[in-house]
Structures are given as structure tokens and as C-alpha cells.
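Engineer: Protein chains in written order, with this note's numbering: chain A, 1 to 113; chain B, 1 to 111.
Be careful, since some hints might not be right.
Unchecked claim - List of simulated lysine to any residue pairs, SDA-like, C-alpha gap at most 25 Å:
{"#": "1", "chain 1": "B", "residue 1": "Lys42", "chain 2": "A", "residue 2": "Gly3"}
{"#": "2", "chain 1": "A", "residue 1": "Lys57", "chain 2": "B", "residue 2": "Ser82"}
{"#": "3", "chain 1": "B", "residue 1": "Lys56", "chain 2": "B", "residue 2": "Asn22"}
{"#": "4", "chain 1": "B", "residue 1": "Lys42", "chain 2": "A", "residue 2": "Thr54"}
{"#": "5", "chain 1": "A", "residue 1": "Lys57", "chain 2": "A", "residue 2": "Asn1"}
{"#": "6", "chain 1": "B", "residue 1": "Lys2", "chain 2": "A", "residue 2": "Pro39"}
{"#": "7", "chain 1": "B", "residue 1": "Lys42", "chain 2": "A", "residue 2": "Gly53"}
{"#": "8", "chain 1": "A", "residue 1": "Lys57", "chain 2": "A", "residue 2": "Ser18"}
{"#": "9", "chain 1": "B", "residue 1": "Lys42", "chain 2": "A", "residue 2": "Tyr103"}
{"#": "10", "chain 1": "A", "residue 1": "Lys9", "chain 2": "B", "residue 2": "Asn22"}
{"#": "11", "chain 1": "B", "residue 1": "Lys70", "chain 2": "B", "residue 2": "Val19"}
{"#": "12", "chain 1": "B", "residue 1": "Lys42", "chain 2": "A", "residue 2": "Ala95"}
{"#": "13", "chain 1": "B", "residue 1": "Lys2", "chain 2": "A", "residue 2": "Lys71"}
FYI, nobody ran anything at the bench for these hints, they're computed from the structure.
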Amino acid sequence: NAGVTQTPKFQVLKTGQSMTLQCAQDMNHNSMYWYRQDPGMGLRLIYYSASEGTTDKGEVPNGYNVSRLNKREFSLRLESAAPSQTSVYFCASSAGLPPNTQYFGPGTRLTVL
Amino acid sequence: QKEVEQDPGPLSVPEGAIVSLNCTYSNSAFQYFMWYRQYSRKGPELLMYTYSSGNKEDGRFTAQVDKSSKYISLFIRDSQPSDSATYLCAMSDNYGQNFVFGPGTRLSVLP
């Protein structure tokens with residue numbers, strides 16, 4: 001099993017450009033999550049999907065959109081990238097049942113110039 | 001006050017030392033307590049989890065929960081340079097919801 005996979009691993013954008021980060025899991029998990037991690041800030045939840053067909057905002061949703069394409073895939077879109085969105089982005093998934101432990105992908109390192 | 005707090009470190013110890021990593025929290029509804037390890041430029045990986053109060057041991061790692069004090073700990077015995085990483089605590093309520101991560105403690109084990 002690959003677990004949680006993310007593409008791309010690295011990306012450099014110019015301010016105003018758009019891009020989509022892809023995430024897929026093969027653990028048959030119901031719930032999926034997008035986090036960003038910045039130095040000194042820890043993991044901050046952007047959006048999550050408790051189950052296929054639902055999405056909800058997390059702590060820092062502004063400037064992002066998500067799509068739960070099917071049970072396996074959950075994408076994160078930046079419509080007009082800003083330098084403040086320079087960060088490492090992690091996708092995670094969980095079964096959705098207690099303890100609901102989350103399993104993480106390897107991350108996407110994004111730089112916005 | 002943040003919901004979950006951790007000393008950010010860095011914490012530097014010599015190889016073979018016993019390491020104690022700690023988190024405090026404010027929400028008494030938390031029932032599941034997890035520890036994640038994150039190597040540099042990698043995603044967090046689950047080390048272990050416990051339910052409610054008590055201890056749990058897995059090899060060189062022991063997780064301890066004191067719900068009365070709202071305090072959890074991770075002990076690493078005979079620490080190795082390969083244990084050098086950032087350790088994040090996480091917790092959730094009895095339904096596995098309201099999942100919250102601590103900011104992480106950076107640990108360096110020196111050969």
C-alpha cells in the first residue's frame with residue numbers, strides 16, 4: 001500500500017498564478033484533510049472532508065478551494081497565489097471513527113514569488 | 001490560551017539519555033492522545049496513541065496521560081541519533097472529533 005500520496009513534491013509559482021495540489025489515499029479512509037505547516041506555527045487545518053461528498057472549512061481556509069473528487073482523492077486549489085501562501089502543504093486521511101488517527105502524505109513544498 | 005501547548009525546543013540530549021517530551025491541554029473532552037514523529041522534510045508519522053489516562057509502552061517509547069492535570073508525556077529510553085526529529089502531540093474527543101495538534105518539540109540526540 002502506498003498510503004497517502006501527494007503531487008507535486010515541489011512547486012514554484014509567481015504571484016497571481018493558480019495551481020492544484022493533488023492527494024490520494026488507498027486505505028479506504030472516509031475522511032481527508034489539508035494542512036499547511038509554517039515555521040513556529042505548527043500544523044494548521046485548511047479544509048477537511050469528513051466523507052465523500054462533503055467539505056468543511058478549517059482554521060485557515062481563505063485563498064483556497066477543495067474538491068473531494070471521490071473517496072480516494074482530495075484536491076486543494078489556489079486560485080490566485082500570494083506570497084503568504086508559501087508553505088509546506090500536507091494531506092492526511094483517517095478512518096473517521098475513534099480514535100480517528102490521521103495518516104499523512106509526504107508534503108508539497110510551495111514557494112510563491 | 002492555546003488549546004494544546006508544547007515547548008518548541010530545541011531539546012538537545014546525548015545519545016543514550018532518557019528524553020521526556022510533554023504537552024498540556026485545556027479541553028477536558030479530549031480522550032484520545034497521540035504522538036507523532038516528523039523527520040525533517042517529511043510528513044508526520046504516528047508513533048502511538050492512548051485512550052484516557054494511564055501508560056502505554058512500545059519498545060523504547062512510553063506514553064503517559066494524566067487527565068487530572070491535563071498533561072501528557074512521551075518518554076524515550078536509550079535515545080539514538082535516529083530519534084532526532086520533531087515530536088507532535090495530538091488529541092481528540094471520545095468520538096475521534098475535534099482533532100487538535102500541538103505545535104511540536106524539536107529533539108536532537110547527539111552522538
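Engineer: So, for every hint listed, does it hold in this structure?
Structural biologist: We went through each hint and held it up to the structure:
{"no.": "1", "hint": "B:Lys42 <-> A:Gly3", "result": "holds, 14 Å"}
{"no.": "2", "hint": "A:Lys57 <-> B:Ser82", "result": "violated, 36 Å"}
{"no.": "3", "hint": "B:Lys56 <-> B:Asn22", "result": "holds, 15 Å"}
{"no.": "4", "hint": "B:Lys42 <-> A:Thr54", "result": "violated, 28 Å"}
{"no.": "5", "hint": "A:Lys57 <-> A:Asn1", "result": "violated, 29 Å"}
{"no.": "6", "hint": "B:Lys2 <-> A:Pro39", "result": "holds, 17 Å"}
{"no.": "7", "hint": "B:Lys42 <-> A:Gly53", "result": "violated, 29 Å"}
{"no.": "8", "hint": "A:Lys57 <-> A:Ser18", "result": "holds, 20 Å"}
{"no.": "9", "hint": "B:Lys42 <-> A:Tyr103", "result": "holds, 12 Å"}
{"no.": "10", "hint": "A:Lys9 <-> B:Asn22", "result": "violated, 32 Å"}
{"no.": "11", "hint": "B:Lys70 <-> B:Val19", "result": "holds, 20 Å"}
{"no.": "12", "hint": "B:Lys42 <-> A:Ala95", "result": "holds, 22 Å"}
{"no.": "13", "hint": "B:Lys2 <-> A:Lys71", "result": "violated, 33 Å"}
Taken one by one, the earlier hints fail for this structure at numbers 2, 4, 5, 7, 10, 13, listed in ascending order.
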